[in-house]
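Chemist: Sequence:
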Amino acid sequence: MGLILSGTFQLRSRLSAKALRLYAEQGILEPVHVDPTNRYRYYSEEQLLDARLINMLRAIEMPLASIRTVLSAEGAERAQLIDAYWKRREAQLWGQHNLAAYVISVVSANKETTMTVETRAVPETTYLTEIKRVSPPDIPPFIRSSADRLAELAGRFGGWAGPLTTIIETPVNDDTDGDVRNAVPVRAGVTDADVAPPTEVLVEGAGQEAYTRITKSQVQYPQILQAYDEVYAWLTEHKLTPRLAPREIYFADFMAAGPDDDVCDIAVPYNTEQHNT
1 MGLILSGTFQ LRSRLSAKAL RLYAEQGILE PVHVDPTNRY RYYSEEQLLD
51 ARLINMLRAI EMPLASIRTV LSAEGAERAQ LIDAYWKRRE AQLWGQHNLA
101 AYVISVVSAN KETTMTVETR AVPETTYLTE IKRVSPPDIP PFIRSSADRL
151 AELAGRFGGW AGPLTTIIET PVNDDTDGDV RNAVPVRAGV TDADVAPPTE
201 VLVEGAGQEA YTRITKSQVQ YPQILQAYDE VYAWLTEHKL TPRLAPREIY
251 FADFMAAGPD DDVCDIAVPY NTEQHNT
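Each residue of the sequence shown is one higher than the one before, starting from 1 at the first, in our numbering.
Heads up, a few of these hints could be off.
Pairwise CB distance ranges (calculated) [as the list claims (entries may be wrong)]:
| # | residue 1 | residue 2 | range |
| --- | --- | --- | --- |
| 1 | R120 | A24 | 24 to 32 Å |
| 2 | L64 | R243 | 46 to 54 Å |
| 3 | E273 | M56 | 55 to 63 Å |
| 4 | N173 | T8 | 30 to 38 Å |
| 5 | R133 | L64 | 46 to 54 Å |
| 6 | R88 | L225 | 13 to 21 Å |
| 7 | R89 | R120 | 33 to 41 Å |
| 8 | T170 | R120 | 23 to 31 Å |
| 9 | A161 | I60 | 37 to 45 Å |
| 10 | D177 | E273 | 48 to 56 Å |
| 11 | T170 | V203 | 18 to 26 Å |
| 12 | A76 | P242 | 46 to 54 Å |
Cross-link-like lysine to any residue pairs, in silico, SDA-like; alpha carbons within 25 Å at most [as the list claims (entries may be wrong)]:
| # | residue 1 | residue 2 |
| --- | --- | --- |
| 13 | K87 | G75 |
| 14 | K132 | R181 |
| 15 | K132 | L225 |
| 16 | K18 | Q80 |
These aren't lab readings, by the way, just hints derived from the structure by calculation. Where is the CB? At the ideal position from N, CA and C, for every residue including glycine.
Produce the complete structure using the sequences and hints provided.
Modeler: So this is what it looks like as structure tokens:
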């Protein structure tokens, strides 16, 4: 195995001395030999391939922790990890594109609503729920893990009776954690006596709700705030007040959906009586 002095390795890999030190400290690309006398660092010819891969992965903004995972994998698994990362990145970029367009429309003198808000009647609904105090980054993993637990429990009561619903009980933003309730609809008649903590039963009465439909890319925070903004603006325009907390209604297979596929309704139940102010 031929050894390459770090200076030569820098030139051939196009990695700076600073980058090489960082990658060594992070356990991403460590020298195969360090001279005990002069502390010169040596790399192998084989490591040039990993160094060039690191350069390419950094060019698509892959985090160092993810790069470490890719380099520890072999063969087809490396490609699968990179593909999964890029699909997530594409969804994020699409979401940022939509958010940028919305921000531009907000600061424009002639802002136009970019989402259609509609209304519908909703029946009385019984939910199995879990509630947790979360920050924005915590919401997606909580939704996924809670949905798995609630789906298994719902099987005891005949299965799901409607789409997964995530109710935002209190505001969640960059400055404040909030209470989020994940809810799976089940048949009527289920009560708290039928379940054990942390699961709770929630029964919401029939009524009307305003909603707008969004794509998978628009679900990401803070892009999703646009949809909430549009629904609340519609309620204000029509002199209507919210009746219950806002919610995200996931009616499609989120994991299988593409960035532009409709997956979620942002909905706010409202009082049908108009206010005068």
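Chemist: Are the hints correct? Go through all of them and say.
Modeler: Hint-by-hint comparison with the structure:
Between R120 and A24 the beta carbons are some 58 Å apart, a value that contradicts the proposed interval 24 to 32 Å. Checked against the given bound of 46 to 54 Å, the beta carbons of L64 and R243, roughly 47 Å apart, stay inside it. E273 and M56 have their C-beta atoms about 60 Å apart, which keeps the hinted 55 to 63 Å range intact. For N173 paired with T8, a C-beta distance near 51 Å fails the hint of 30 to 38 Å.
Distance hint for R133 and L64: a CB-CB separation of about 30 Å, inconsistent with the stated range 46 to 54 Å. At about 20 Å, the beta-carbon gap between R88 and L225 stays in the expected band of 13 to 21 Å. Separation of R89 from R120 is about 35 Å and conforms to the stated range, judged on CB atoms against 33 to 41 Å. Separation of T170 from R120 is about 25 Å and conforms to the stated range, judged on CB atoms against 23 to 31 Å.
Judged by the Cβ atoms, the range 37 to 45 Å given for A161 and I60 holds: they are separated by roughly 42 Å. One distance hint, 48 to 56 Å for the beta-carbon pair D177 and E273, is violated here, with the actual separation near 33 Å. Range check, T170 to V203: Cβ separation about 20 Å, and the 18 to 26 Å hint holds. Take A76 and P242: their Cβ atoms lie about 50 Å apart, and the range 46 to 54 Å holds.
As the CA atoms of K87 and G75 are separated by approximately 19 Å, the hinted pair is consistent with the 25 Å bound. Straight-line distance between C-alpha atoms of K132 and R181 comes to about 7 Å, which keeps the hinted pair within the 25 Å bound. For the hint linking K132 to L225, the alpha-carbon distance of about 20 Å falls within 25 Å, and the restraint holds. Distance check on the hinted pair: K18 and Q80 sit about 29 Å apart at the alpha-carbon level, beyond 25 Å; violated.
Comparing the model with each numbered hint stated earlier shows that hints 1, 4, 5, 10, 16 do not hold.
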